[in-house]
Amino acid sequence: MTTNNTRVRAATEADAASLYELTNMFTPGLETSFQEFEVHLRALLQDPNWFVAVAIEHNSPTGYVAAQDYGRALRGSFSVGRIHDLFVTQSARRSGTGRSLVESAFAWAKECPSPMILDWQATPQSVSFYESLGFEADFVGDFPECPGFTLDLRVGSVR
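Using our numbering, the first residue of the sequence shown is number -18, and each one after it goes up by one.
These are computed hints drawn from the structure, not numbers from a lab. Here the structure is a predicted model, which means the values were calculated and not measured. A virtual CB, placed ideally from N, CA and C, is assigned to each residue, including glycine. Wrong hints could be hidden among the right ones.
[Unchecked claim] Pairwise CB distance ranges (calculated):
hint, residue 1, residue 2, range
1, 104, 12, 18 to 28 Å
2, 57, 122, 19 to 29 Å
3, -2, 133, 31 to 41 Å
Turn these sequences into a full structure, and let the hints guide you.
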């Protein structure tokens, strides 16, 4: 997926250092060493229930998205997924990078074996971004300052 000068692609093990840097920008003071991060990333990239993509602009990483498919519940005919991380560097914001990363996660969710309900929480600063994509914030929950959003991919469902 390409937007302007940004290309979004599946992350690889070769992206470990760049993704480690981005995650530290996203969560300053990350308590994971690079070696631990690299081992964990490798495991996620090999797990078919995980999707990790990186945005590249002018050969430099400008953002990433990480999502997980938790699978079907015992009583459900659908899968539940979660976007754990969506991060775009300050310099790449408002360029379409975030939209491209989210769309790549949505495309992954649509390709999963079971229809999925994909959800995520937003920081207060990112609520307007998700609303600009047509989503409605759900302020009810454990952290009302970080509302939830949902993409329901079940057949016949309404977003």
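Tested hints:
Restraint check, residue 104 to residue 12: a C-beta distance of roughly 20 Å satisfies the suggested window 18 to 28 Å. The given range of 19 to 29 Å is respected by residue 57 and residue 122, whose C-beta atoms sit roughly 20 Å from each other. Remark: the range hint 31 to 41 Å for residue -2 to residue 133 is upheld by a beta-carbon distance near 36 Å.
Of the numbered hints given earlier, the model fails none.
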